Amino acid sequence: MMVNQIPFKEFHLLLNQGLRVAIGPFNVCIQTTYKPLAEQLYQLYRHYRTAQNEIAEFHVRIVTERSNKNPFEKNVRFLLDGQSPFESFPQAQALAALEWGINLAIAVRVSHLLLLHSAVVEKNNHVILFPAWPGSGKTTLCTVLSYRGFRLFSDEFGLMDPQQGTFYPIPRLMPLKNESIAVIRNYLPEITIGKSIPNTQKGTVAHACPPEESIQQSTLTAKAKWIFFPKWIADSTTKIETISDSEAFMLLASNAFNYEVLGAKGFQAVAYLIRTCNCYKLVYSDFEDVMATLQRLIDET
Amino acid sequence: MTAEKPQKTTETSNRESTVSTLETPQHTRRKLLKGAATIPVVMTLYSGAALARTSNITGEAANIDTAVFMDTSNGPQLLCVFPDAAQQQISGDTYDLGAAPQATLIQDPKINPIAASADKKKLEQLDACHAQGGIMISAVAYSSIMDKTGITINSTTL
Amino acid sequence: MKLELPRHNQLLLQAITTPSCLVQYTDIEWELLIRQARRVKLLGRLTLLLKEHHLWDTVPPRVANQLISGFVQAEKLQQLCSWELNRILWVLEDFDTHIIALKGIAYKLIDLPYAKGRLSVDLDLLVREADLADIESLLMIKGWKHRPISAYDEHYYRSWSHEIPPLVHTERETEVDIHHALIPVTTQLKIDTALLFDTAIPAAGHPKIKLLSPVDMVIHCAINLFQNNEIANDLRDLLDLHDLMTHFSQQDEDFWIQLTDRANQLKISHILFYGLYFSQLIFSTSIPEKTVTRLNSKPGKLKHRIMHRLVPLALFPQHPDHSLRSASWARRLLYLRSHLIRMPLYILLPHLIYKTIRRYL
Amino acid sequence: MMYWHTEHFHTLLIEDWGDEYTVFQPDSGKTHFFNQISIQILIFLSQHPATIEQICTVLAKQFQQNPDKEFTQNIEKILHHFETLGLVKKRNQGNPHDG
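Protein chains in written order, with the working numbering: chain A, 1 to 301; chain B, 1001 to 1158; chain C, 2001 to 2361; chain D, 3001 to 3099.
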């Protein structure tokens, strides 16, 4: 059952008790009685599949509480299995808190897969990785690509099975930050973007919905073929520079959440990726330009 | 006997993986290390986990009120974090591949938390932090990374 | 007295004591089991049990992935602890002394069954008090540092505790806790560390490392649980105790007599009493009947009854979605107890006030 | 005499990227990057313990260098670094063919 096949009233009721949503290879049980969040989720999660009768890996809650600083104000708190990993947030940031919280839960708990910190898209059954730290514009780039012919795997996590060498899609809401929000609204006016949430820890955030097809195909895995270490530099022309295997190895390994936890398996997985992928540094500013460049590279190989 | 080519020491015998190299891309031989080949070099990779987590969750504190001040015997001290080491490409022969985020407590100027000057002094500590290339980190970010793999500046008996 | 556990805790206990019952668990039960096992650090243990009982193929895939993740993390932390010890030994190479490895790393060194799945975050070592200053400074020269702590905490460690402030090497993450005694110095109980070194046994392959004798290892485990800690979510530590006693008693038939003799000698038999009692109550450890009667001192009836009510409520994890009020109270009371037995009131009251204030600052 | 020897060399996983190497050290769980000369030092020491002079003589020949002061110093520096990483150990005396 898809979320958009459920009437809002029922959806809200499910959220009160614990709504189970399939997000890539994981099921997340989300519980909240905070109605504004229910409304946002009803809009932004509408293409996700519910998994009410399945085991959920993550159990998260958003609860409201009185603010310590201002007794007339209410805050929201994120809970993972009843434990609170963060301070509370202003109510308006409930969605951002939920999304960050789920990311944190994945990042700290999952160790049966290699977790690269990377945007991931797929084209012609080949995965393209964009491993990078925040500020490189990977979410923005990823949003554009996923609505322009590439299938979205994730704007944040490269989930790799270290045995098989395959990647699992985990399409989640894409948190656009600050200037990127307007950039994407202009460039992709047709897509669904949630309300702008100002004053978060990362400035203003607005969540872009992944394309419906990407969510529907989120059980289809694929192997990686290209790795681009991206950097967004204002007004630069698109530049692609090959990098050496050893450098790519070190960059990729240091861009993973749990590379060291996996020990020898992580080492072998990264070595495998480097041996089987073409690795480049990518500098860009213009979407059309970067897409044309990527397309050319894909066609060549 | 050591003049011969290095033996291929890749130990793959215990590799359970079914991964196979189907099509090997054209691999470039441009080296990570540019420059003298006769200077022995070893670089150790530091875990990216902590940095990834900081940046994944939050960034810089929005204002001084949400920054983290640690209580010390010398009054509150700003937690100053040096982020994003992995992105700094230091010019020269090698690439700095980054370390786990480093943090320090700013000691000057000393803050008396109940004095009227406290807010001004807090901002001065922030300047001192910026001068070292650091940022103030929000309390939220701090609490989310306070476990073993994050910045572990504070350890109390709580 | 019987053990009464809420349903969700029964799911956890059954899984550990009778893994064969897991084939009957429904998805809902598996999910609740995993969430509790994670809270009390037993994912690695469950993984080992399922494999040992050839049940791995019956585990639902979503559960199996979480178990593997838990096991991999336990393995990684063990590797980090072993490496930290390796680096400490390297620093102490020219320093003529022995150090005793405690807790998780010791269980690994004696090959205690299931030690491979045990999650231990810190490296715990015991040194002779006379060596303490030298060892601390040798480590600090080679890059270990104390985490910045407040003057109050520094004072707490140096004056009242049985360990120095934790050390962490600048390039690594593992915390090293160096103890000079097994019990905080503010406690009325005293165990002469020299006595422990006298009977310590060598660790295979590590000339500098020693291990507590089997009986002392058990006693230390009981002290940690019922004297030094607050018991909340410490089910794993009681399981350690059960494992140790089971393991040693199989190796040496005089084990139980030696254990009670030693407890009497060290004047901690009332603490060991709780260890024996709860290990048997919860994990059905096979302890000869006479063992308890050989203890010189036991808690009074009322104390015992209260502990019987409180301890299981605190040891087992709360239901992750709805916490029991009785369990919350049990935890609060045991928290107070743990402080009362560790510190005289004139230290304790200011200490608790300080900690309370700091929590709300 | 001071002899250097490798520690658990056989456990290392080494990926060869053409004159540059990434090495996984299971004991420490760390990944290291090596260049050609630094990996050759390890390989040489894994075959038998050697003094700094022996290492320099062999390496200088292999890399067609003068075993001058600077060369020796660089080798010495890296050996001490290897030691802190737990890749090599030094031993003061005894039979060099023990390890």
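These aren't lab readings, by the way, just hints derived from the structure by calculation. None of the values given here were measured: they were computed from a predicted structure. Some clues are possibly wrong.
Computed footprint of chain C on chain A, listed as stretches where at least three residues anywhere in the stretch have a Cβ under 8 angstroms from a Cβ of chain C [stated by the list, open to error]: (1) 105-112; (2) 255-267; (3) 286-294.
If you anchor each label on the Cβ, the simulated ranges turn out as follows [unchecked claim]: (4) C:V2121 <-> D:Q3062: 51 to 61 angstroms; (5) A:G82 <-> D:K3090: 45 to 55 angstroms; (6) A:K195 <-> D:T3011: 46 to 56 angstroms; (7) D:H3010 <-> A:S236: 43 to 53 angstroms; (8) B:D1065 <-> A:E54: 55 to 65 angstroms; (9) D:T3011 <-> C:D2096: 24 to 34 angstroms.
A virtual CB, placed ideally from N, CA and C, is assigned to each residue, including glycine.
Here's how the hints hold up against the structure:
1. Under a criterion of three residues with beta carbons nearer than 8 angstroms to beta carbons of chain C, the stated coverage of the stretch 105-112 of chain A is upheld, 4 such residues being counted.
2. Residues of the stretch 255-267 of chain A with a Cβ under 8 angstroms from some Cβ of chain C number 4, which satisfies the need for three, so the listed coverage holds.
3. Coverage of the stretch 286-294 of chain A by chain C is violated. Counting CB-CB distances below 8 angstroms, 0 residues qualify, and the rule asks for three or more.
4. For the hinted restraint 51 to 61 angstroms between V2121 (chain C) and Q3062 (chain D), the CB-CB distance of approximately 45 angstroms leaves it violated.
5. In this structure the hint that G82 (chain A) and K3090 (chain D) lie 45 to 55 angstroms apart at CB holds, the actual value being about 52 angstroms.
6. Remark: the range hint 46 to 56 angstroms for K195 (chain A) to T3011 (chain D) is upheld by a beta-carbon distance near 54 angstroms.
7. A beta carbon spacing of about 48 angstroms between H3010 (chain D) and S236 (chain A) agrees with the range 43 to 53 angstroms that was offered as a hint.
8. The hinted range of 55 to 65 angstroms is not satisfied by D1065 (chain B) and E54 (chain A), whose Cβ atoms lie roughly 43 angstroms apart.
9. The supplied range of 24 to 34 angstroms is met by T3011 (chain D) and D2096 (chain C), whose beta-carbon atoms lie about 30 angstroms from each other.
Comparing the model with each numbered hint stated earlier shows that hints 3, 4 and 8 do not hold.
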